[in-house]
Amino acid sequence: MAEPRARRDLHPGAWWVWALGLAVAATRTYDVLLLGLVIGVASLVVLARRPVAPWAMSFRLYLGLGALVIVIRVLFGVVFGASSTGTVILDLPEVPLPSWADGVRVLGPITSDTLQRSFAAGLQLAALIICVGAANSLANPRRLLKSLPAALYEVGAAVVVAMTLFPQLAESVGRVRRARRLRGDASRNVRALRSIVIPVMEDALDRSMQLAASMDARGYGRKGAADPRTSRLTGALLVGGLLGVCVGAYATADLTAPRILAAPMLAAGFAVAGIGFWLSGRKVGQTRYRPDPWRGWEWFTALCGVAVAVTFFLDFALSPVTLTGLVVAALPALLTPEPTSPYAALRSAAATRTAAGMAA
Amino acid sequence: MITVDGVTMTYDGAARPVLRDVDLHVDEGELVVVTGPTGAGKSSLLGLLNGLVPHFTGGHLEGSVTVAGLRTEDHPPRELAATVGWVGQDPQAGFVTDTVEEELAYGMEQLGVDPQAMRRRVEETLDLLGIADLRARSLRSLSGGQQQRVAIGAVLTMHPPVLVLDEPTSALDPTSAEDVLATLARLVHDLGTTVVLAEHRLERVVPFADVLVHVGTDGSVTAGAPATLLATSPIAPPIVELGRLAGWEPLPLTVREARRASQTLRKELAGLPVPARPQPGRDGVLLSARGVEVRYGPLPAVRGVDIDLPAGTVTALMGRNGSGKSTLLWALQGSGPRHGGDVRVEGEDPARLSRTQARRRVGMVPQTASDLLYLESVAAECAAADAEADAAEGTCTALLTRLAGTVDPATNPRDLSEGQKLALVLAVQLTAAPRVMLLDEPTRGLDYTAKEALAEILRELAADGAAVLVATHDVEFVATVADRAAVMAQGEVITAGDVHEVLATSPAFAPQVTKVLGDPWLTVRDVRVALEERQ
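Line order of the protein sequences matches chains A and B.
In terms of our numbering, the first sequence opens at residue 1 and continues consecutively.
In terms of our numbering, the second sequence opens at residue 1001 and continues consecutively.
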């Protein structure tokens, strides 16, 4: 076996590009087998490369959510979207509706086509959800926030603080509820609720004040003041750019809109917004501690994602082209470096212990 | 380094200033200990130094504060971040990120320190504080002492010439507290950092202090050399009280000095009997626990603990942070989880009784006592307590008056001092008339006077025939209040017995008087009584 490579967490952005590429591929096809393969590839990479962390354990939730979406979509298909073609599997009577509800069919014969089509549509949605879930399990959401453009630093800081406060809130609810038991109060009325909410809120307020004091004392918001002219300019650029992006996106989707409003507008919008970000980012006085590097493996992972999307644009049926795309998308599971593990040291220590124990 | 010039500070809506006519001068490289009764304005004085007071808290400031040539009036706290490192009372509440390394870097990120320099400073700070092995750990998983050191590290990375800490050791066990103080002493000696810290338990910090600052309840501030100031101060560590009693000159501040000064006193005391503590009739064991086991997931928190609480005694439960003291208390009360073993109170298992029934047998004051309070006034709180316990109207108020003197019934419980709040919660719990009382870390944040009052209350409870169990880190408090002591480590009781045996034989838990005078002597009062009886 080859020399074990150094473990390293890839840049969260790389995983997001990869996952979005896979998601784009999924939107291009209704082929059940291909969609199944997309989900398979996503799951394979997650299983192989997710780090040991609480947020990485959420992938199962996304799988469950995907299954639920399929079930709901098929039920909807059966109830509303009955088709007249295909073999009839179960001949349900159609619910007669008044004339104003013309065009809506409720129940009616269930055909194989209905089932197949709604299952495929559900599977596509599930695949999209699972791709996003894969990105969430592979990349630490906090680190993703840290990699935001400098202009969004304040937003990122606020989100990080909120993420820290939630578990604390849960903890103080638990503590206060336990303390309530000491007063022997077992009632479940409004007063009982109040006896929990008030101490918890006081605690939360207290903590927030302490956190704010601590952040203030450690220089938070120190060099935020840009001169008003520049901040007006960056504001205008950001808003204008985003408007451009919206118009462009709409025109791309609406085929009757003038073509000049589509791709060119989209590109111009992105460019203007990009300049705005860059300008405001330049004004930010903070620096980043150990920013995640973007190196070869990040390029590789991101390109794998782009590649699978491209192959699905070339072809959207089961073919050598799409299959190659999927194989490429699965490569990060085998080739990229393994994620760092907080327990690596512990595990190797335990391994030696077990070995010693077995020998003894 | 720090000049406070004619400062009078009044908070909005306050009738009188919290600090009055303060003049203070601190030189570079000094370690300053700020002391004074609870609620006297120690935190306000510390907040002045980095501008949190009044920029963050609001209020009216007269006079001026200058730190390293910067006037806090013109510089808000964030501008002073690189000059004054400020560590608040609860380190965990001040953490912004979630791992040790990121927390250390946070301040530098705000200052815009170059990434290369940041990396280097984080490594240096990890080594300086001896927390390099914790670098990737989640902040919430750290013990109290570790959290405190990370909080100190998080401001040290900004290389501030002044460090300000608000009660850095109040929540720590004796050993962790020593660690943190040793770290601070090292900063003063090796890096020439100027350190200002507030502290209740003087016995630990006084040996390190260059200047002692006393904040009075009226807002007046006096500063001076520790030995001079302590000679007349109403609050003093046991070693100083012993020195005063024996008339030692100069007043010793460390155990070493006191031991050298105490040779004659030791000879004098050699033949004298230690005054017996008032021993009320021990009419049997009120609470008896056998083989108590508590697990959190797969982790055992309490492992096979046997403990007996005899009537008429105060038992102290000691041990380092995280050794299972709180968990044991909760299990004994019956509200907390218990996975094995048996607890008997008057023949019944409190865990099997209803909550109301259980609290009539075993009362408990939890660590965050204010969790039990939720109404707007002391009177409402007392009335609710009477109703909950089916006690006669006025029972709780009568108890409160006995414990804390007269408290204005219209006061909001949140505005009470720490000592009064504790007394109120204790009164609420005693309304149900339990014969066994458990207290979890009641001395946290109490000054000497409040602690003495609490000791008095607990002794009285015991004299009435109750069994009291107090979990605490405060060795001196244990020496004054307890008859019996038990020490826990890793979820097991490792020693239990008479307080003399447990405290006097252990270097970690010995009170200062024992360290100076040797085995049987635990408190200054013992010595005083012995000397008086001889005459």
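Just so you know, these hints were derived from the structure itself, not from any lab.
Be aware that a few hints might be false.
DEER-style ranges, computed between Cβ atoms [to be verified]:
(1) A:177 x B:1268: 55 to 63 Å
(2) B:1408 x A:192: 50 to 58 Å
(3) B:1074 x A:159: 51 to 59 Å
(4) B:1401 x A:154: 21 to 29 Å
(5) B:1136 x A:192: 24 to 32 Å
(6) B:1021 x A:158: 55 to 63 Å
(7) B:1008 x A:61: 34 to 42 Å
(8) B:1394 x A:212: 37 to 45 Å
(9) B:1394 x A:192: 41 to 49 Å
(10) B:1127 x A:190: 49 to 57 Å
Since the structure is predicted, the reported quantities are computational estimates derived from the model, not experimental observations.
Built from N, CA and C at the ideal position, the CB exists for glycine as well.
Is the hinted range of 34 to 42 Å satisfied by the C-beta distance from residue 1008 (chain B) to residue 61 (chain A)?
violated, 58 Å
Falls inside 24 to 32 Å, the C-beta gap from residue 1136 (chain B) to residue 192 (chain A)?
Given range 24 to 32 Å: violated, Cβ gap about 42 Å.
Please test the hint of 41 to 49 Å on the beta carbon pair from residue 1394 (chain B) and residue 192 (chain A).
violated, 24 Å
A range of 55 to 63 Å was offered for this pair. Does it hold for the Cβ distance of residue 1021 (chain B) and residue 158 (chain A)?
violated, 41 Å
Range hint 37 to 45 Å: satisfied by the CB atoms of residue 1394 (chain B) and residue 212 (chain A)?
holds, 42 Å
Indicate whether the distance between the beta carbons of residue 1401 (chain B) and residue 154 (chain A) respects the range 21 to 29 Å.
The hinted range 21 to 29 Å is violated for residue 1401 (chain B) and residue 154 (chain A), with Cβ atoms some 52 Å apart.
With 49 to 57 Å as the target window, see if residue 1127 (chain B) and residue 190 (chain A) comply at their CB atoms.
holds, 55 Å
Assuming the hint says 50 to 58 Å, is it satisfied by the Cβ distance from residue 1408 (chain B) to residue 192 (chain A) or not?
With a Cβ separation near 28 Å, residue 1408 (chain B) and residue 192 (chain A) fall outside 50 to 58 Å, so the hint is violated.
Does 51 to 59 Å hold as the CB distance between residue 1074 (chain B) and residue 159 (chain A), or does it fail?
violated, 33 Å
Just tell me: holds or violated, for the beta carbon distance of residue 177 (chain A) and residue 1268 (chain B) against 55 to 63 Å?
holds, 56 Å
Hint violations for this structure: numbers 2, 3, 4, 5, 6, 7 and 9, all remaining hints satisfied.
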